[in-house]
Amino acid sequence: MSLISSPDSPVSPALIHTRITPDRGGVRLPFGDLWRYRDLLLVMAQRDVKVRYKQTGIGIAWVVIQPLTAALIFAFVFGRIAALQTSDIPYLPFVFAALLPWNVFSGAVGRAGGSLVASAQLLSKVYFPRLVIPISAALGVLVDFAVALVVMLILLVAYGIPFTWNLLAILPLTVLALLAAAAVGTIIAALSVYYRDFSYALPFLLQVWLYASPVVYATDVIGAGARPFFALNPMVGIIDGFRWALFGGAFPALELAIAVCMTVIALVIGLIVFARVETSFADVV
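Going by numbering that gives the first Met the number 0, the letters in the sequence shown line up with residues 0 to 284, in that order.
Hints were generated in silico from the structure; no laboratory data involved. Heads up, the beta-carbon is just placed ideally off N, CA and C, and yes, glycines get one too. Careful, some of the hints might be misleading.
Per label pair, the in silico range of CB-to-CB distance [unchecked claim]: (1) Leu141 with Ala211: 22 to 32 angstroms; (2) Phe127 with Gly159: 45 to 55 angstroms; (3) Trp164 with Asp196: 40 to 50 angstroms; (4) Ile221 with Arg195: 34 to 44 angstroms; (5) Ala249 with Ala145: 42 to 52 angstroms; (6) Trp164 with Val50: 33 to 43 angstroms; (7) Leu167 with Leu33: 20 to 30 angstroms.
Please model the complete structure; the sequences and the hints are all you need to start from.
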């Protein structure tokens with residue numbers, strides 16, 4: 000964004016006119032803009048959280064009920080009936096540990112993906128970096144994650160699983176899950192402004208992605224030869240990393256290395272796509 004100011008005016012020589020015009024020539028990644036508008040980013044993230052639970056009867060308790068119910072269903076269907084192997088880890092904490100990063104990812108992608116369309120009036124009335132909208136929507140999942148993490152720790156105590164220093168890895172792994180979600184969410188958000196099909200297809204995409212990730216099963220069920228290709232899904236390394244942090248075992252070095260590489264590549268692509276199309280959002284939305 001460039002500012003063109005002139006001290007000359009046909010009305011008054013002392014009046015300064017400022018014209019806001021889009022940048023020309025190349026794509027500029029908006030990290031500086033996000034930092035300058037960090038206060039707006041936090042305010043919008045807080046607003047999204049408050050609006051989401053404002054008129055609910057049990058409020059933030061839904062954060063516990065939804066993943067715990069899903070974990071119980073998965074534990075019954077895949078743990079009891081299908082009897083999937085989980086490396087001697089009880090199935091309920093095994094699947095709940097995977098739902099922690101998965102819900103961060105899917106929740107952030109879902110909220111970011113439709114955020115620009117939902118903020119159409121705001122886009123056409125005032126200028127600010129448009130990337131603030133999907134990023135603030137994605138950050139709102141951190142409140143849900145914090146509550147769900149407490150439930151996970153209670154499950155560890157209930158099943159007699161000891162705490163280790165590996166738990167400290169949860170923080171960088173959560174950041175990695177958010178970055179992966181930001182990469183996908185910004186692309187979906189930008190394209191949804193022009194084609195609403197992306198918003199309609201997003202729930203189906205996330206449902207397929209869930210079963211393409213080791214949420215209800217262990218990565219060990221994938222053959223050794225196919226595992227590097229399976230790990231091209233960044234959620235594979237992130238979920239395996241969460242399970243290592245909570246339960247110990249072998250460190251998923253290969254899966255995490257691939258997850259970091261794929262997330263960085265996707266994030267750069269997402270920011271470039273967003274930067275190329277954001278100048279026309281107000282005209283299209």
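Now for the hints, and whether the structure bears them out:
Range check, Leu141 to Ala211: Cβ separation about 25 angstroms, and the 22 to 32 angstroms hint holds. Look at Phe127 against Gly159: about 50 angstroms separates their beta carbons, and that is inside 45 to 55 angstroms. Between Trp164 and Asp196 the Cβ separation comes to about 46 angstroms, which falls inside the hinted range of 40 to 50 angstroms. Taking the beta carbon of each, Ile221 and Arg195 are about 35 angstroms apart, inside 34 to 44 angstroms as hinted.
Distance hint check for Ala249 and Ala145: the Cβ-Cβ separation is about 28 angstroms, which falls outside the suggested range of 42 to 52 angstroms. Trp164 and Val50 have their C-beta atoms about 38 angstroms apart, which keeps the hinted 33 to 43 angstroms range intact. Distance hint check: the CB atoms of Leu167 and Leu33 are about 27 angstroms apart, consistent with the given range 20 to 30 angstroms.
The structure does not agree with numbered hint 5 stated previously, though it agrees with all others.
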